[in-house]
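Number of protein chains: 4
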Amino acid sequence: MSPARETIGIGMVGHAFMGAVHSHAWRSVHRFFDPPLVPRLAVLAGRDETRAKAAAQRFGWADVETDWRKLVVRDDVGLVDICTPGDSHAEIAIAALEAGKHVLCEKPLANSVAEAEAMAEAARRARERGVRAMVAFNYRRVPALAHARNLVASGALGEIRHVRSVYLQDWLSDPRAPMTWRLRKESAGSGALGDLGAHIVDAAQFVTGEVITGVSALTNTFVKQRPSEGGGTDEVTVDDTALFLARLSGGAVASFEATRFALGRKNAMRLEVNGSKASLAFDFESMNELQWYEGSGTEAGFRRILVTEPQHPYVGAWWPPGHLLGYEHTFTHEVADFLGAIGAGTDPAPSFDDGLRVQRVLDAVEKSAAAQATWTAVEEGK
Amino acid sequence: MSPARETIGIGMVGHAFMGAVHSHAWRSVHRFFDPPLVPRLAVLAGRDETRAKAAAQRFGWADVETDWRKLVVRDDVGLVDICTPGDSHAEIAIAALEAGKHVLCEKPLANSVAEAEAMAEAARRARERGVRAMVAFNYRRVPALAHARNLVASGALGEIRHVRSVYLQDWLSDPRAPMTWRLRKESAGSGALGDLGAHIVDAAQFVTGEVITGVSALTNTFVKQRPSEGGGTDEVTVDDTALFLARLSGGAVASFEATRFALGRKNAMRLEVNGSKASLAFDFESMNELQWYEGSGTEAGFRRILVTEPQHPYVGAWWPPGHLLGYEHTFTHEVADFLGAIGAGTDPAPSFDDGLRVQRVLDAVEKSAAAQATWTAVEEGK
Amino acid sequence: MSPARETIGIGMVGHAFMGAVHSHAWRSVHRFFDPPLVPRLAVLAGRDETRAKAAAQRFGWADVETDWRKLVVRDDVGLVDICTPGDSHAEIAIAALEAGKHVLCEKPLANSVAEAEAMAEAARRARERGVRAMVAFNYRRVPALAHARNLVASGALGEIRHVRSVYLQDWLSDPRAPMTWRLRKESAGSGALGDLGAHIVDAAQFVTGEVITGVSALTNTFVKQRPSEGGGTDEVTVDDTALFLARLSGGAVASFEATRFALGRKNAMRLEVNGSKASLAFDFESMNELQWYEGSGTEAGFRRILVTEPQHPYVGAWWPPGHLLGYEHTFTHEVADFLGAIGAGTDPAPSFDDGLRVQRVLDAVEKSAAAQATWTAVEEGK
Amino acid sequence: MSPARETIGIGMVGHAFMGAVHSHAWRSVHRFFDPPLVPRLAVLAGRDETRAKAAAQRFGWADVETDWRKLVVRDDVGLVDICTPGDSHAEIAIAALEAGKHVLCEKPLANSVAEAEAMAEAARRARERGVRAMVAFNYRRVPALAHARNLVASGALGEIRHVRSVYLQDWLSDPRAPMTWRLRKESAGSGALGDLGAHIVDAAQFVTGEVITGVSALTNTFVKQRPSEGGGTDEVTVDDTALFLARLSGGAVASFEATRFALGRKNAMRLEVNGSKASLAFDFESMNELQWYEGSGTEAGFRRILVTEPQHPYVGAWWPPGHLLGYEHTFTHEVADFLGAIGAGTDPAPSFDDGLRVQRVLDAVEKSAAAQATWTAVEEGK
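Residue numbers (our numbering), protein chains in the order written: chain Y, 1 to 382; chain X, 383 to 764; chain W, 765 to 1146; chain B, 1147 to 1528.
By construction, these hints were calculated from the structure, which means they are not laboratory data.
Take the hints with a grain of salt, since some may be wrong.
[Said to hold, decoys possible] With beta-carbon atoms standing in for the labels, derived distance ranges:
no., chain 1, residue 1, chain 2, residue 2, range
1, B, P1321, Y, Q311, 31 to 39 angstroms
2, X, G679, B, G1396, 21 to 29 angstroms
3, X, K567, B, G1441, 49 to 57 angstroms
Remember, predicted model here, so these are calculated numbers, not experimental data.
Built from N, CA and C at the ideal position, the CB exists for glycine as well.
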């Protein structure tokens, strides 16, 4: 009916929670945005063929592979989307990049700094060949946080003094909640730290435009044994909560907390930034809002900005003011940005280097926590 | 890859704001729900062929028609989705129903009681032939409001005493905002009343399970002349705001207000219900929340229920707790329910009779307002 | 220890809830403000001598009378403070004014327009002799509402379009709550209307600077029989709730609701005003806050102004920013203003004329409600 | 007029902000509560006679002294109330206790652990003679926090897992704000830490019933030079902000932050406690509210408890539900409790031992901060 836009074949590895939401983003992005490349849901990889086929039909993928190694070299795949647990990210991403495929990789980038370094190195090499890599810190694409970043970048906050960020969930509060791969160090790398802490480290660095230079941390495991699937109990080998203090490169002080035990908090990813000229606050449980304070005098007060105006980041593609967006939109924005960067031949953000930087912070947190909160500098990259 | 599910061809008339959001619902519904029929986006109708084709490509429709009369009789169309202004609803809906097509019609059902009666009559006749009709009061599908309805139906509120509902927007606050079809009586029927008031009348009747029996109303037009597209000004011939008091069939008293002049309120569709045993409050600007009060004693207080648990209506199809849904989800829920009813051979709600009932309330409001707030009974249907 | 400031003897009639809070205001006002006259708690009147004496000791009054007629003519009394139910206001106030005493009278001014007219007439005559009368609409002295009034008066809201005000309590929700004088027409005049509705009528007129010109109303009594003190039940002869629509002298439309049946709302005296340039919202349950919206663009949003800055009305006399004030402070502000007006020889506000104006609105509401919501103009005063 | 209740003469040292609010408490307590001793405002001490006399008259004190040494031995003084900066607390308190006077001492108890130990020792010796000492952590007397303590003590929260507490002000955000005694180490001991941090340490220990056993801390001074009164600038020698992580005796992890640079936060003393069975949250900027989460299922949600019911701690002495209390009430409650303990011959809380415990935590925070966040155990008392 109209001149065909150029398409790009997507190959997605993994099809659980992240696979579902990424699929929706790939299906929807060109209905609302104008990416230079229209995604085609070419192939989904999953080890169990029956389940993979069911997922492919459900989510709208044309084909399946049971071995991701086959997926990453298929001719009809131009972009590999990695939605697996962190322990497989490095291997898949590096193989895909070497095969010349653009890569979108779920967060955290990897389970260790060494893996993340290898991935960042692979991304640098690929970049020279015009192949792009992005890590999926989707919270950067919440319009309220993207707008917060713009406000900081504009200088509206002045000097940044305080950052306060928590990511609170409660799904492990009940000691009877069963064991999962997320609670094993070998598959998940860490617990709340890598799963939730990675998001707030990235968000804080993104919004402030500064980096964390050192930390003092403590972690705790409240429930050390969980019911295992096969009966009996399994040992939880990751943190249930991680707290750390930090200093930022621009002179600000900061505190962070990630937990899955904050009873009553379902997805309270919160960020507060106090500057010398203005302050802002965000809570994902009210994700369409940004709290904003500036000025002085008798009408000063925190404003509840409903970040749903067409001038706000990403929002123009959607509905009229006050018609809220949800969680999944952050992924649609993410792939829109990635496709845009690929089309423009520019580097997407957050890059694998950004993911590596987060990984170094997580690593410093773990080292500090293991050494009784000893102040630990975040390793500088090369 | 798997046994094909039965499909149903959709024909959509209109492709503006409502067309965009309905298209997304039709594209997405079977990715999250298990409707007995999988929608196929067969054909979109629009008077301007160029714009219709652009919309079809953007939204994912296979074909276009420039005359809805052709659309409603096409063999590849099993369901007609009416997304046009209210003055064309009756003609299209009746033609579609007579052609044996299921009909989803945007709200308000019509611009007059007479039209709505004809539509309801057509729907009754169609029902005998297994053809279904539903009016698109999408706010019934906000999980928080669907849950509110369940709470009332369970008896948890006891006797309903007060209903308080407003629908506040502000996009006409500025006198320089231009003239549109929504501000002309001949195209829109009424102003804030039919556009916004219809939603809160339906929501109040839906949540309480009672009907409005009489009203006392006043309306106002704050800005009587607006810039017209062609230069000069046009007369605004609809209400800018409508307020009314009401009594409900179960003995409750109620107040309603619809306006497009509540500066700072973007889409504040609010409902409060006070019962003898519990109370609830809702605001669409925080659409994932339901405020809930029950019990007594030192721990009683309004609870902010985050209506994102898998046990809440519709939510199980989506994301984990605390991962918010947005405006467009209400439409996906709507078409899921409609497809479910078609598949099950049952009558969907809200029916055209429900839409007619809302129309009778709006009619009583207009009559009361025209007669200086004289108490006006809502006409009983046959 | 210092030159004595001039004092004024206070005589207070009544010693229940209002008596307690007024006493605190008289005891405290000169500790925080600099009134030209320092109040001396001279004498308290109560019919039961034992209870009156206990109250006098508790509240700090020097003497008691069992007949208010004696109190109003005492030489050591310069100001009479009327804290009795509404049916005795007229008689006491007129006698006190005629005796040359300044009068502070609790709201509503009276139980009928006729009584209120007589009181206003007495106040006018007294004024000529330099004797002052004020009605105790204490909510005018909430700093947030006083600030709201200043904002409207400054023109910051532009043209006032909407007023939305409710006063919600729930202490009668339980049908077993016992009969009181507040539920008998002969003692209370009306129910929620006079008790709560009077406050929001005054507040709306005060903040907007406009008057209500006409109303359409309905009232309801949900629980018609209540347990009486002596066993058995008594008939409730007042409204449990009153709702009304109104037009204001400046062209705004308005809605009001007063109820004692809004389960979960303890003292939700709320006011919203939408203007052409700004909007404000207030809820007494968060009485130190004013919600304020002005401007446009990407940082516009309702601001939560914490009305605790030294520049805010009354606040400079108290604590640093963020150190909240409570309910009783409104009375301290009230008597500070009254003493200030007496000292300055100016007329205090709200005057008995203001109280009469509120009474006329309540009267129109009752007449409209009795006539099935018929539009009823508020009687113009002389 | 009635049998005289026994009185107790109060001698207050200092008459600035704390002096004003303490005076109000002493004047008001017996008007609302039934303390076994009625306070008599006997004498106020201040170095400058003119200013002391003005304060005495303003606040209602019968006499003045210019030397606190004379005040603490006066026969008409039974209780000494210390409202001076921290550097004089030890000397005054010990002298007063040795003179056999009950002592109420503002927080922090002292500027050093050594001083606090001497004071606690003096309090122990005094106790044997029936002389009582209390430290004025007034936030324990916020009804919402007192209720929170009761909820924890009842076991309603189960095992305490997380404590999150901040005390945010912004009055130093502006670098032009002038030098004060609060910014000099020699007078104030520390900055935000002792002023604000002391409150949240006490509140966290009070509400949880646990003690802080170790900390990792960092402090920062954002503005190192301030305009001095006499022209030129002075060096700020205290912290502008202090952040620390902690472990509690019962196994919980905790984070704390005190700052005077959180632009837009006026008095945001916040506390969140997550337990295994329930969670609570408090913010002094909404001091009449307690957020409370318990239970599970589709109606679970954080409740906004309006802590204004007669059954809530202290509230029965005041107004009906929903009629808010303010900052100063916490002091009235404080002196009511202290007089009650004196009358009953029991030990008041928080005792000087409690104050010492807070001091040891502050000391550990300072040591940790000076040693780059090294984990520092809180010294055990004898």
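A quick look at each hint next to the structure:
1. B:P1321 with Y:Q311: 31 to 39 angstroms: holds (33 angstroms)
2. X:G679 with B:G1396: 21 to 29 angstroms: Given a distance of about 27 angstroms, which is inside 21 to 29 angstroms, the answer is holds.
3. X:K567 with B:G1441: 49 to 57 angstroms: Check passed, 51 angstroms falls within 49 to 57 angstroms.
In this structure, every one of the numbered hints holds.
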